[in-house]
Amino acid sequence: MAEFQLQFAPLSSILDGGFWHKLSNNKLNVYGLDESPKTIHGFYCNGDPPGMPCRMNLEYIAFDVDFKPPLRCFDCHGTLINTNTIDKFKDCDKKELLAMVGKKIWQSITSGEALSKPDLLSQLLLLTYADLKKYHYYYWFAFPCLCPSEDFRLVRSPQKLHERLTSSQMERLITAYDEFQSHHSNHQGYFIVVETLDDVLKIDSVQNISEYLNKNTKVLFGFSDPCTLEGNPGWPLRNYLALISYYWYPSLQEVEVLCFRCRIKDGNCDISHSIVLTVKLSSMTTEADLPKCVGWEKNERQKLGPRMVNLSASMDPVKLSESAVDLNLKLMRWRLLPDLDLERITRTRCLLLGAGTLGCNVARCLLGWGVRTITFVDNGSVSYSNPVRQSLFVFEDCTKVPGGRSKAEAAAEALTKIFPGVKARGVNLSIAMPGHSVPEGSVEQTKKDVQQLEELIDSHDAMFLLLDTRESRWLPTVIGAARKKIVMCAALGFDTFLVMRHGVKKDMETDDSPVKGQMLDYRCIPGSQLGCYFCNDVVAPGDSTRDRTLDQQCTVSRPGMSYIASAQAVELLVSILQHPAGTDAPADISVGEEHLKADHCSPLGLVPHQIRGFLSRFHQLLPASRAFDKCTACSRTVIKGYLEGGFGFLLQVFNEPTYLEDLTGLTQMHQDTIDAEVWDIDEDEEFSSMDTSS
Amino acid sequence: MAAGSISEKKFAECAIHLLEKSAHQKDHWTGEKSSSGEVYLQKRCTIPCQLPMPTTRERTLSDSQNIKEPVEDLDEAVVQDNVSTSTSMVTFVYHVVYNASYAVPVLYFNAYKPDGQLLSLEEVWAIVPQHYQDRLREERWTFITQQEHPILGRPFYQLHPCHTSTLMSQIPDTPGSNYLISWMSAVGPVLRLEMSMRYGEII
Ligand SMILES: [Zn+2]
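Which chain is which? The protein sequence lines are E and C, in order. Letter by letter, the first sequence follows residues 1 to 694 in the UniProt record's numbering. Letter by letter, the second sequence follows residues 1 to 203 in the UniProt record's numbering.
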């Protein structure tokens, strides 16, 4: 057959995360702004299965001063240029860089050094720019090769080694190869194979070639070939042929080359797929000071150009903490609750009204569940007594600003410090209250505040009422009910607490009375028919701070209460989110402890309406009650009044103490002397003065 | 030692034995020692893997695309249409570390795309052979999670050790058998870590 051009399979760079870690460390701690060339190492192997590209690996060890390639792998000497800017990376002279390494190779050939150390033929160049703020790495490899004046040519088709050698010869070749390599501390990628007339196979160093040339022996130039193609050699042969041509052309016109490939299966070497080439050499003489040099790697689009990799997911501490939090929760799903819908929890945006002990602890617990959007609303500032009970504050929050920092803002900032992946916001806002009349001059401000609260409630999915006073819970309860948001409520007494979810009515237009079909199961109240915080009261919220003694104004609770109630409030929210019916999840009202034995239809179990805790007895009850049709907050009359009358309606409520009771018919009811006990369960009295949480 | 668990001393013995066998059959396990003296086993390998999504995601290379000047002379001595370069390759790094609280070995691993990008947990799952995915889902004898490497301090995936001792107590302890080899033969294939049958030979 005719001669044809010898074509080489290019090397593909393969990096691991450890390489980039080490480069980042070196940039920060060693190189600084130094852009001068640095020594690194790559390695390649010759044992890959078919279908794999020729690969050049660079790992964590690439930067080792006493680099040692992994077992049966071959060293490639590398030059790293790490630029300080992306512009430098783009604009630096690529030809000149390539020539810089090309010259190294050329010098090692012409000086004869490469004869004794042929691994010097194997060189790489790596140009990088590391954007350590974004963890973006720009890089471009070159595997420089020196080209002859005319391309090398193949004299005949490549021959498989098993067509050339018998299996016994191949076995002896393997033994000779192992013997040769055992004399070197690192495996040698270049060698010669000597075949004597009496069928002895020997492998020796290139520098000993004169002992065999012109004798009755056949000399093959061998190299460890990372290529797996049947018809082509891999890249490392190019500079070897340059060396061979430089020294022995034209006295040698043609040489035989063994592309040595060695696969290991169950401890046995297989070299039969190696190939033997007969190559027509070419002149390396050049008028320039360097032969033509090529070798830039193509990028993923098969163009000569750089690549970029974004490693923020595995290197950015913020991203790492986010994925660690997610994984921790996923662990719960894998191990215990395969039906857990974590997405549902994570994407629930939570509005916390009140950044006191309840607010702080609710927020921390929400973080634990992976909630990513948390907004605090509070109009107070951090005072000296707060940090010991309110788990997001520290002493400095009281002293940094005269009078203390804004609670809402300090809480949001603390949350971000704990977990930068959270979207936390603090809003300093007062909440208008029924019976607390708004002075003429403050109407505009109150209107703005109400509007802001409405916007906040609109932009969140769930709201926690964690405010100090009962009446401050009224406005958010009304807006929450009108907007059909999830509303969680927690309140503390001295040693009692209440945690509850507000019923989310299905449609304001339908009658408040229960739908017939849903009455069938008398042990359950559907979530849409459950009451709100005010449903059990037969008095409208008024100015509860006015007639109270100091003690009542600032109710003190046992310090552990807030932790218990906050945790229960968050867990109750999560239970709602995980229930197939969501906010319509029915609450069990069966007598005694029967509901504790009922089957769960949610992976997290029951979704009670209320949790009432009595710390003096370390006891909890799970009562449930229907919405009260004369409720001053969630009844149809009030919601309708709010939806139709807007701020004008609210202003009336704020200014006229009896307006709500008149509107809802409570006034009438009081006159009819209805026994308030109907609406309460025994322990309820203990809650009558438990609205304060600070 | 509780059934299915192993002492640190025994772990070290098994590790040395495994390294001997690895060297004997030219496998790539190495014994590594941290600066503080902890010992662990390591193996690395690059294998072709089809990932669910293209390995090269949409990149914003606009900054660096515009390199206009020719960077080198025309080179015709290159294999054209090199099909094999399009193969997606994944580089696995396996570490076997002793965990004193569970008293079992733990398999840590990372898997990288050619550009050094760590595979996401979803991508790792996608390369777990299907029948192991099914088994893991049903039997839940282990699961993959990401942890800080106890020695290197970088994020690594791990096969969680909580059920290792249960699993190992079901594998009969025959004379000459090596705990680490039995365990790795059982769990390794989940993560493309193949143990040659010859590890079972008694030498
Ligand atoms: Zn109500």
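No wet-lab data here; the hints were simulated from the structure. Treat the hints with care, as some may be off.
[To be verified] Subject to a maximum C-alpha distance of 20 Å in a straight line, what follows is the list of computed SDA-like cross-link-like pairs (lysine to any residue):
1. K68/E with P48/C
2. K265/E with S36/C
3. K280/E with S149/E
[As the list claims (entries may be wrong)] Quick look at which bits of chain E chain C covers, simulated, 3 or more residues with Cβ under 8 Å:
4. 171-183
5. 284-297
6. 305-311
7. 322-336
[As the list claims (entries may be wrong)] The following residues of chain C were derived to be distant from chain E, with all beta-carbon distances above 10 Å:
8. D75
9. H160
10. M197
The C-beta atom is built at its ideal place from N, Cα and C for all residues, glycine as well.
Right, here's what the structure says about each hint:
1. K68/E with P48/C: violated, 25 Å
2. K265/E with S36/C: The given pair, whose Cα atoms are some 35 Å apart, is violated under the 20 Å limit.
3. K280/E with S149/E: The given pair, whose Cα atoms are some 13 Å apart, holds under the 20 Å limit.
4. 171-183: violated (count 0)
5. 284-297: Coverage by chain C holds for the region 284-297 of chain E (5 residues, Cβ < 8 Å).
6. 305-311: holds (count 7)
7. 322-336: It holds, with 7 qualifying residues against the three required.
8. D75: The claim breaks: D75/C does not keep its Cβ more than 10 Å from every Cβ of chain E (closest is about 4 Å).
9. H160: violated, 8 Å
10. M197: violated, 7 Å
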